[in-house]
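J.: Residues per chain are reported as follows:
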Amino acid sequence: MRGSKSLIDNIDWITVGLYLLLVLAGWLNIYAAVYNEEFESIFDTTQRYGKQLLWIGTAGVIAIVILLIDERFFSTFGYFIYGFILFALVAVLVVGAATKGATSWFVIGGFKIQPSEFSKFATNLALAKYLSTLNIRMTDLKTKLTAAAIIGVPAILILLQNDTGSALVYGAFILVLFREGLSGNFLLIGLVSAFLFVITLVFQNEVYQLPFDVELTGGWMLILALAVLMSLVYYFNRKKKQVLLFITVIFITCSGLVKSVDYVFNNILEPHQSKRINVMLGIESDPFGAGYNVNQSLIAIGSGGFSGKGYLKGTQTKYDFVPEQSTDFIFCTIGEEWGFIGSFVVITLFMALLLRILFLCSRQRSAFARIYGYGAAAIFFFHFTINIGMTIGLAPVIGIPLPFFSYGGSSLWAFTILLFVFIKMDADRLEVL
Amino acid sequence: MRQYESRRIVIGAIFLIVGIIFLIRLFYVQVIDSHYKLDATNNVLRTVVKYPARGLIYDRNGTLLVYNEAAYDLMVVPKAIEEDFDTAGFCALLEITKEGFDQRFNRAKNYSRYKASIFEKEISARSYAKIQEQLFNYPGFFVQTRTLRTYPKRTAAHLVGYVGEANSKIIENNSYYKSGDNIGISGIEKHYEKVLRGKRGQEVQMVDVFNRPKGKFQDGAFDATAVSGSNLKLTIDADLQAYGEKLMQNKKGSIVAIDPSTGEILALISMPTYDPNLLVGRQRSKNYGVLSQDTLKPLFNRALMAKYPPGSTFKSINALIGLQEQVLTPSMLYSCYRGYSFSGRKMGCHVHSSPVNLEFSIQTSCNAYYCNVFRSIIDNYHTAEEGYNVWRNYVTNFGLGKKTGIDLPNELSGFVPKTDYYDRYYLKGKWHSTTILSLAIGQGELGFTPMQMANMVTAIANRGYYITPHIAKEINGQPIAEFDSTIVRNETGIEAKYFNEVVEAMYKVVEKGTGTSAKIDSLQVCGKTGTVQNPHGDDHSTFIAFAPKENPKIALSVYVENGYWGSRWAAPIAGLMIEQYLRDTITRPHIEKRMLEGNLIGTVPKIASNEGE
Ligand SMILES: [Zn+2]
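Which chain is which? The protein sequence lines are A and B, in order. Position 409, counted from 1, in the first sequence is what the working numbering calls 409; the numbers after and before it change by one each time, with no gaps. Position 576, counted from 1, in the second sequence is what the working numbering calls 576; the numbers after and before it change by one each time, with no gaps.
Don't take each hint at face value.
[What the hints assert, rightly or not] Calculated lysine-lysine pairs in the DSS-like style (CA-CA distance at most 27 Å, straight line):
#: 1; chain 1: A; residue 1: K309; chain 2: B; residue 2: K79
#: 2; chain 1: B; residue 1: K297; chain 2: B; residue 2: K169
#: 3; chain 1: A; residue 1: K313; chain 2: B; residue 2: K109
[Said to hold, decoys possible] Just a few of them, taken from the derived set where beta-carbon distance is under 8 Å, the chain A residues facing chain B:
#: 4; residue: Y234
#: 5; residue: I301
#: 6; residue: G305
#: 7; residue: G339
#: 8; residue: L355
#: 9; residue: C361
Since the hints were derived computationally from the structure, they do not count as laboratory data. Since the structure is predicted, the reported quantities are computational estimates derived from the model, not experimental observations. Yeah, the Cβ is synthetic: ideal placement off N, Cα and C, and Gly gets one too.
Generate coordinates for the entire structure from the input sequences, incorporating the hints supplied.
T.: Structural data, given as structure tokens:
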């Protein structure tokens with residue numbers, strides 16, 4: 001009954017196709033980002049694009065192996081894999097190598113393996129296994145605490161490696177918990193305070209020129225926006241009782257949060273302290289002063305215009321003005337060389353992938369597969385949002401890779417595993433009773 | 001959990017909202033807003049670092065000790081080198097070989113083909129004038145200005161220290177420093193690095209494809225002007241410093257002179273020294289190699305880092321402790337029969353009249369007298385351990401056996417053993433005042449730096465206290481006390497009246513004792529000679545002194561290695577230093593001549609000066 005024939009029939013080729021398109025586009029842009037007349041062979045493994053080709057090839061092998069493994073392997077060994085990864089996270093703290101201040105690598109025979117990339121997959125697996133256990137209710141305190149522990153332990157271990165960016169990714173699992181019954185208030189509070197906090201940090205030093213010679217700083221601008229938003233909420237809910245009180249309380253709380261972040265950063269903390277908080281949040285320090293990197297990135301993207309400068313014709317990205325170009329800022333190359341058309345295509349591809357995963361989730365019979373799918377989508381979404389957001393000045397500069405695009409073997413392998421395990425679950429969905 | 005099925009709509013909506021926000025933002029940035037589009041011809045940026053001028057350093061009288069001279073880094077952008085580049089002409093211009101060119105060019109290319117990197121660093125102003133005239137013929141090269149330290153007085157090398165390039169370890173540990181930055185490596189340059197360095201600036205220029213600057217990027221929004229470092233005024237008297245270095249030429253040793261009323265260091269001399277101009281710019285590493293190989297160790301700052309037993313000069317301290325502890329009075333007499341016998345052993349002494357009182361004991365430097373004093377201090381307590389701790393406490397109150405806290409790096413703390421040191425050697429409770437009797441005459445385990453000894457004299461000159469010694473007087477015209485809270489008055493715990501007894505005796509030493517060669521007409525000089533036993537060769541000559549006796553203006557310690565007795569070299573040099581500082585003239589040229597001609601090292605240092613450059 002489980003022949004290779006039926007496997008091929010059951011695989012969701014749309015998802016696989018989106019994956020292949022993203023990986024291909026990613027490689028083309030890594031090639032462009034480090035393109036150099038002197039090393040023209042695409043197979044030159046001394047260059048990043050050559051190495052990435054190697055990573056892509058091996059990722060393909062991994063994908064095929066996953067598709068051939070029995071689906072039950074993942075549910076059976078979910079906790080085991082999770083435990084193994086936790087062990088690796090602890091081990092890397094002890095014997096790992098440090099890059100850019102973060103101790104997150106194993107160096108094995110010239111290859112660098114980053115366990116934190118794989119732990120997202122393992123955590124997702126363990127969380128799905130736990131939440132799919134019979135008689136688990138998200139409303140129970142015990143469930144909440146256990147889920148929080150499954151998510152929190154690897155996040156804390158990664159924090160200890162000094163890799164705050166990767167640790168923040170675990171916040172994405174709140175979407176999964178919400179889907180499985182966590183009160184929407186948690187999601188709302190989490191989203192709103194994270195949003196306000198980050199947006200305040202990003203905009204705190206901006207000054208906006210409004211009509212009638214009114215100048216507003218970023219903090220006040222946010223409060224103004226909040227007031228407008230809350231008025232709208234009130235307008236649509238004006239028939240409900242108590243809604244005015246509720247909205248007023250929320251408005252005051254949010255304004256307080258914005259102003260206090262604003263105030264603490266500008267008035268209480270010494271510059272080096274605010275800098276440390278930024279570093280703690282994983283917001284990268286700016287070597288040429290506030291906003292230089294983001295500005296460079298915006299110039300690269302902005303100079304692409306509507307249709308781009310043409311493949312391999314980018315100048316901003318070429319002259320190394322954009323930092324971490326083939327890794328965290330890979331989107332700049334897309335924006336510069338392919339213009340708005342390229343950006344549109346890439347964003348559409350990601351949206352299509354994310355929504356496709358949600359669609360696949362809804363057709364799963366097993367809670368395990370469904371929860372796993374939501375987890376995968378949440379992780380992809382978080383990376384997508386922060387990574388592209390930072391290159392266009394909408395999110396703080398936190399160094400996490402753009403899935404399938406950024407240069408790096410560990411991340412490509414890890415994202416491939418994350419996705420293909422779900423594709424495999426989906427392919428076998430009819431066998432689940 | 002099917003009841004939450006509808007929540008996938010919420011999640012999907014969140015995804016879509018972010019996607020739509022991104023598209024709107026991208027459309028704005030890429031299509032609508034022209035703010036982010038650089039002019040088509042000015043499409044590359046170049047960051048030019050503006051190096052700040054390092055703060056200048058003056059002596060106490062405003063004489064310039066260290067200033068900056070312009071120097072130039074020749075930068076290259078490898079990508080901008082054209083096919084028909086005239087390599088031969090360029091090599092001739094720079095006076096380098098073709099191999100040298102290739103080596104530098106490849107290094108730059110390996111760093112980045114598109115970003116500028118240093119091709120040749122720290123070209124002198126003179127060489128630059130010639131290069132500049134023709135540089136326009138060689139597109140791809142441009143010049144970045146920086147400064148080089150210059151030392152017009154050629155003195156005080158150890159004290160001022162030197163500046164060097166920040167190495168990778170410094171850059172890793174301190175986010176301020178970047179490759180190519182300079183940093184103070186030793187001396188004042190190191191200790192006051194943050195004061196002197198200023199703040200690096202930058203200019204982000206737009207550059208066209210031919211590497212020609214096309215103006216400032218975003219009207220200089222990311223530019224920062226370099227802020228010069230603060231100027232530093234030292235407490236050093238440049239003339240006294242130079243004179244001391246001259247007196248000590250061809251000798252090994254050290255002179256430290258302090259103004260007792262303020263703790264200001266007037267001279268800090270370590271010999272042999274070197275011309276500080278040797279450790280500047282392109283020849284630095286070559287010269288550093290030569291200097292560090294030199295067997296006379298010219299880079300070693302003896303004033304702060306050499307540790308000698310204090311010898312007889314320490315007897316004054318034991319006298320003071322005895323007086324304060326009430327186990328000694330000035331009139332008390334001890335007999336000396338060419339030494340002091342104890343438990344079958346004998347500490348020898350030279351021939352002099354006996355019995356001996358306090359004044360004569362210092363004047364003639366009687367060993368037996370101090371054996372008696374030391375034993376009565378220690379044995380005044382129940383156990384030797386208790387007595388020793390009391391004694392040790394007084395000694396450290398003089399700033400001995402601990403860092404004086406001078407504002408210079410790498411100061412040695414010296415050594416006064418703690419009781420556990422003796423417990424290890426002789427077992428706890430098994431050692432007595434006689435076991436450690438050599439401390440009575442400043443020998444044994446004691447080890448102090450010339451700096452600590454000068455500080456000790458300061459405490460005697462002040463009759464009971466010293467101000468933390470320091471070498472910076474003003475930062476940008478503001479007194480150093482406003483920046484440095486460690487400059488405080490330190491008490492010895494010994495009453496002033498006891499000091500007067502010892503000071504009187506030290507005055508007699510110079511008037512008619514072992515230190516007459518430091519005597520200056522109509523100036524009341526107080527001093528004490530010493531001989532430091534040296535197991536490796538001839539003994540070291542040492543002398544501590546201060547003057548005038550009342551309201552002292554200068555206190556100093558002089559060490560001349562292998563100079564036999566204190567009276568032979570150290571005392572006359574101390575006398576000349578005092579006269580130079582207080583009178584600005586030398587009344588005994590024959591002594592000066594003997595000191596200048598004295599050669600105790602037999603050889604001349606390998607490189608003494610930098611005249612050639
Ligand atoms: Zn005697």
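J.: Now tell me, hint by hint, if it's right for this structure.
T.: Tested hints:
no., hint, result
1, A:K309 <-> B:K79, "holds (20 Å)"
2, B:K297 <-> B:K169, "holds (26 Å)"
3, A:K313 <-> B:K109, "holds (21 Å)"
4, Y234, "violated (21 Å)"
5, I301, "holds (6 Å)"
6, G305, "holds (6 Å)"
7, G339, "holds (6 Å)"
8, L355, "holds (6 Å)"
9, C361, "holds (7 Å)"
Of the hints listed earlier, the one the structure fails to meet is number 4.
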